Amino acid sequence: MVDYKQYHPAWGDRSPVIIGFLCNWCSYRAADLAGTSRFGYPATLRDIRIMCTGRLDPTFVIKALREGADGVLVMGCHPGQCHYEEGNFKAMRRVALLRRTLSQLGVHPDRVQLGWASAAQGIIFTETVKEMTEKIAKLGPLKWHDNNHDASPHLPPLPEKEATHG
Amino acid sequence: MSEEEKIGVYICHCGHNIAGTVDVEGVAEWAKSLPNVTVSKDYKFMCSSLGQELIEEDIAEQGLSRVVVAACSPHMHEPTFRGACSRAGLNPYLFEMANIREHASWVHQDDGEAATEKAKSIVSGAVSRARELEPLEPFRAPIDETTLVVGGGIAGINTALEIANAGYKVILVEREPSIGGHMAQFDKTFPTLDCSACILTPKMFDVGNHPNIELMTYSEVEQVDGYVGNFTVRIRKKARMIDVDLCTGCGDCWERCPAKVVDTVYEAGLGYRTAVYRPFPQAVPKYPVIDTESCIYFKNGRCRACEKFCPTDAIKFDQEDEIIVTSVGNIVLATGYDLFDSRRLPQYGYGRLANVFTSLEFERMTNASGPTDGKVLLRDGVTEPKSVAILHCIGSRDKNTNDYCSAICCMAALKFAHLVKEKTDAEVYNFYIDMRTAPKDYETFYNRLMQEGTHFIRGRAAEVTDAARKPEEVGKLIVQAEDTLIGKQRRIPVDMVILMAGMQPRHDSQEVSHRFGIGCSDAGFFNESHPKLDPIATMNAGIFIAGVCQGPKDIPASVSQGAAAASRVLSLIGKGEVEIEPVRAHIDEDRCSGCRICNNLCPYNAIDFLEDLAVSRVNPALCKGCGTCVAACPSQVIDGQHYTFNSIMSQIEGLLWDVRPNGEEKVTFQKTEPV
Chain A
1 MVDYKQYHPA WGDRSPVIIG FLCNWCSYRA ADLAGTSRFG YPATLRDIRI MCTGRLDPTF
61 VIKALREGAD GVLVMGCHPG QCHYEEGNFK AMRRVALLRR TLSQLGVHPD RVQLGWASAA
121 QGIIFTETVK EMTEKIAKLG PLKWHDNNHD ASPHLPPLPE KEATHG
Chain B
1 MSEEEKIGVY ICHCGHNIAG TVDVEGVAEW AKSLPNVTVS KDYKFMCSSL GQELIEEDIA
61 EQGLSRVVVA ACSPHMHEPT FRGACSRAGL NPYLFEMANI REHASWVHQD DGEAATEKAK
121 SIVSGAVSRA RELEPLEPFR APIDETTLVV GGGIAGINTA LEIANAGYKV ILVEREPSIG
181 GHMAQFDKTF PTLDCSACIL TPKMFDVGNH PNIELMTYSE VEQVDGYVGN FTVRIRKKAR
241 MIDVDLCTGC GDCWERCPAK VVDTVYEAGL GYRTAVYRPF PQAVPKYPVI DTESCIYFKN
301 GRCRACEKFC PTDAIKFDQE DEIIVTSVGN IVLATGYDLF DSRRLPQYGY GRLANVFTSL
361 EFERMTNASG PTDGKVLLRD GVTEPKSVAI LHCIGSRDKN TNDYCSAICC MAALKFAHLV
421 KEKTDAEVYN FYIDMRTAPK DYETFYNRLM QEGTHFIRGR AAEVTDAARK PEEVGKLIVQ
481 AEDTLIGKQR RIPVDMVILM AGMQPRHDSQ EVSHRFGIGC SDAGFFNESH PKLDPIATMN
541 AGIFIAGVCQ GPKDIPASVS QGAAAASRVL SLIGKGEVEI EPVRAHIDED RCSGCRICNN
601 LCPYNAIDFL EDLAVSRVNP ALCKGCGTCV AACPSQVIDG QHYTFNSIMS QIEGLLWDVR
661 PNGEEKVTFQ KTEPV
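From first to last, the protein sequence lines are chains A and B.
Just so we're aligned: the first sequence equals residues 1 to 166 in my numbering.
Just so we're aligned: the second sequence equals residues 1 to 675 in my numbering.
Hints in this document: simulated from the structure, not taken from any laboratory.
These numbers were taken from a predicted model, which means no experiment stands behind them.
The reader is advised that the hints may include incorrect statements.
What the hints assert, rightly or not - Ranges between beta-carbon positions, derived for each pair: (1) ASP441/B with VAL2/A: 51 to 57 angstroms; (2) ARG38/A with LYS488/B: 37 to 43 angstroms; (3) PRO109/A with ASP403/B: 34 to 40 angstroms; (4) VAL244/B with ALA96/A: 49 to 55 angstroms; (5) ARG38/A with SER33/B: 28 to 34 angstroms; (6) ASP590/B with ALA10/A: 55 to 61 angstroms; (7) VAL244/B with ARG38/A: 29 to 35 angstroms; (8) ARG14/A with SER33/B: 17 to 23 angstroms.
Stated by the list, open to error - Under the rule of at most 20 angstroms between Cα atoms (straight-line distance), these lysine to aspartate or glutamate pairs were calculated in the EDC-like manner: (9) LYS130/A with GLU57/B; (10) LYS6/B with GLU57/B; (11) LYS5/A with GLU482/B; (12) LYS5/A with GLU57/B; (13) LYS5/A with ASP111/B.
Backbone N, C-alpha and C fix where the C-beta goes; we use that ideal spot for every residue, glycine too.
Hey, can you work out the whole structure from these sequences and the hints?
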C-alpha cells in the first residue's frame, strides 16, 4: 500500500477515496482498456458507470463527498465526441457551477474534476487518475462530516432509506 | 427497496486473472455480511456453462431476486449472465455486474491488498445498486431489411454483393465518381501477381448491375439518426452535371474538354484528367462528372464544349445536389484509407527531388492503363532507370508520424521490386527495418524475390539526397542508410527512389466516426467492438466496419472482413426484429410541473410538451437514454430507467461502505478554509 502520509499527515494509514463517474461509451471503456493493457494506477478510484456524463446529477457528487469520498472524478468523451451529441458539454456546465458552489461551502474545488478519455485512451485515463490522486493526496482527507455537518439540511432530499452499512 | 430481496453474489476467479491478485475467497466470504446477500460464492470461471448453471440453480432453489457477478467488464459478459438469469426466470435487468478484473486485479497487480479492498468496494457498490434495480422489458422493433454500405472499395463492394446476393436491398454510397477504391488503381496484386483490374472489374460490374443494389456514387452520407434496425440516413448526391438517364458514356465530352488538371485521386498526381471526366475506363457507373472547380464554364462562363458535342444532350450545367433521406436497418462502413503524405518527411526529398516517387505513383506507373502505359520511367517520361531504391516504412513504425505498421508495404515493396526487374534491367535495393510477410504464401514470394537478385539492406534509410560526394554519385539520388547487418553506413547511388508510404485513416475519419456514433482510435481508425472476438461490430449496434477503415490490412483481409460484416447484417435481418436496451427516460406526468427545462436539453428532440395537460412526455422511440434530462429535472420526476436516481445513490453508498460516517452525528457548522 502507498503511504499517503508523505503528501499530508492527516491521511494516517488510509488512502484517498475517489468516486468516479465514467460514461459508458468512452471513459468506462478507456478504464477497461487500461485494465486490458495492464496500465497500473493508484487503487483510489471507485467508479460508477453512467450512460453519459450528461446523466451526472450534481446531487451524486455531493452525495459521494458527504458519504466519505475525498474527491469525485467525472470522465466522459472528448468535447465534440459525445455519443449523445452534447451530454459532455452539459456536464461541463454543471461541474463548473458545482465547483463554485462547493468552494462556497468550503470544499476545495479541485476535489471535483472533469476529464476526458476516448475509448482508445487507456493511458490518458490512467494518467488522469494518477494526477487526481496526487492532488487529493496533497489536499488531505475531506472529512465532510467533521467539518460541515450543518451542510446536510441544505442538500436535496435523499431517498428514504436507512444507512445500510457501517 | 424491499427488505425481502435475496441477492446472490458470485465472485469469479477468471483463472488467475482475478484470483492471482484479489483474494476472491476472502471477498466472497466477506460479501455474505452485506445486507440482503443470501448466497455468496466464488468460482473458477463464472462465464463457463458450469458457472452459469450455478446461478441458474441458485435462482431456482434459493429464490434469488437479484444477481451480482463480480468478474470482468460488463462490456464483455453482461449479456452472458443476463442470459443465465433469463433462463432461470429472473428478469435480466435485475442482474448487476461488478468489474473487478479490468478495474481492479489488472490495474493493481503489484498490490494485492489494495486490489482486494477495491474489489470489496466494487462488489458492495454492485450489491447496493442491485437492490434498487427494477425489472424491465427490452423494446422490440422490426428491422428494416435495407442495408447502407458506405465506401465502394473492395471491402464495401464485397459486403454489398454478399448481402444483395442473399436477396436483400443494399444502398452503396461512394464519395468518388466511381466505385473501385484503391484496388482499381493497382496493376498487380501480391503475391500471385494477379491482374488487379481483371479480378476487381467483374465485381464492380456486378455491383453496377445488381437488381438489389442501389449505387450512389459521387455521394456522401451527411446525417444518421435512429438505432439498430431503424436508421434514417441523409445522403447528399452531389451534382454530376450529367443527366445519367441520357448519358451513354460515349466519351465525346471528355475528349473535347479543353481543361486539363492533375488527377490527384485516381492517377495519384502522376497523370492528367479533364474537367469533365470518368476516372478510368472501367469505371462503374460509366457516366462522367463535371468537376466544377476546374471547369472553364464554371470559372468564367464560357466554353460549354462538352455540351456542344454531347450527342444525347446529357450535359446539365444547372443540375443541383440532391438530398435523399431514406431508412435502412444496418450500416456497414468501409471507408478505406488515405496514403501517408510523404512530404511530411522532407529528408526523403519527395516533392523536391524529381525522381522520388510514392508507392501509389509507382502503382499507376506500372499500370498498363496508367500515364506511362505501364513503362517504368523517370519523371522526364523517357529515361528508364538503371537502379531503383525502395524505401520501406515511410510514415509507418515511426513515432514522429505513425507508430503502427501499415501491414502491406513490405509485400507491395517486393511486388514493386519484381515489377522493376521484370520491366527493366535495373538493380533494385530494398531498405527495410524488418520484413513482415506473415500471411499465407507471402514468405514464398519473399524467397522468390531474393532469388531474383533484389538487394535487401536492413536499415531504415536516413535520407535521400542529390549532393554527390564521389564522381559516381553525380546526377544520381544517393540513399544513405546504416546497414545494420554489417554495421556500416552505406551510400547507394540510384536513379529512382520509391517511398513505401503507409496507410492512414481518412483525413475526415474522426468526423465520420462521430457522424455514425462509433468510436475512433487515436490514430483515427474506427474502433471495433472487441479487438479479438468482434473486429467487425462497433459500439453502436447495427453499425459494422470492414476494410482498412478499421486498421491496416491487405486485400484478402478486407474481402474477408467485408463478407463477415455482410454475414452479421444478414443474421440480424434473419431474426426479423431487434431487442433494444430499455434504458430510456420516463416522466412521471402526475408530478411534472411543466417547466419545460427538459424539452430543450434533449439532443434528440424526444421530449414533447403536451399543451393540454401542461406536462412533458418522452417519446421512447426517439429517446436514446443518455439521461441528460433526468439529471436536469428540478422536480426529480424524470426516471432514467436502469440508471435511476435511487440506484446510483445506493451504489455510491455501497462503494463507500468503509468510509461512510456512522449515523448522523451533530456538529456545529464552522467557517473553515477550504480543506
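Hint-by-hint comparison with the structure:
1. Against the hinted window of 51 to 57 angstroms, the Cβ-Cβ separation of ASP441/B and VAL2/A comes to about 53 angstroms, which satisfies the hint.
2. Range check, ARG38/A to LYS488/B: about 40 angstroms between beta-carbon atoms, so the 37 to 43 angstroms window is met.
3. Take PRO109/A and ASP403/B: their Cβ atoms lie about 37 angstroms apart, and the range 34 to 40 angstroms holds.
4. About 54 angstroms separates the C-beta atoms of VAL244/B and ALA96/A, a value consistent with the hinted range of 49 to 55 angstroms.
5. The given range of 28 to 34 angstroms is respected by ARG38/A and SER33/B, whose C-beta atoms sit roughly 31 angstroms from each other.
6. Under the hint 55 to 61 angstroms, the C-beta atoms of ASP590/B and ALA10/A, about 48 angstroms apart, miss the expected range.
7. Restraint check, VAL244/B to ARG38/A: a C-beta distance of roughly 56 angstroms breaks the suggested window 29 to 35 angstroms.
8. Between ARG14/A and SER33/B, the C-beta spacing of about 21 angstroms keeps the proposed range 17 to 23 angstroms intact.
9. In summary, the hint linking LYS130/A to GLU57/B is not supported, as the alpha carbons are separated by about 42 angstroms, beyond the 20 angstroms threshold.
10. Proximity of LYS6/B to GLU57/B is assessed by CA-CA distance (about 14 angstroms); at most 20 angstroms being required, the pair is judged to hold.
11. Under the criterion of a C-alpha separation no larger than 20 angstroms, the hint pairing LYS5/A with GLU482/B is inconsistent with the structure, at around 52 angstroms.
12. Taken as a hint, the LYS5/A and GLU57/B pair is broken in the structure, with Cα atoms around 48 angstroms apart against an allowance of 20 angstroms.
13. Proximity of LYS5/A to ASP111/B is assessed by CA-CA distance (about 18 angstroms); at most 20 angstroms being required, the pair is judged to hold.
Hint compliance for this structure: hints 6, 7, 9, 11, 12 are not met, and every other hint is.
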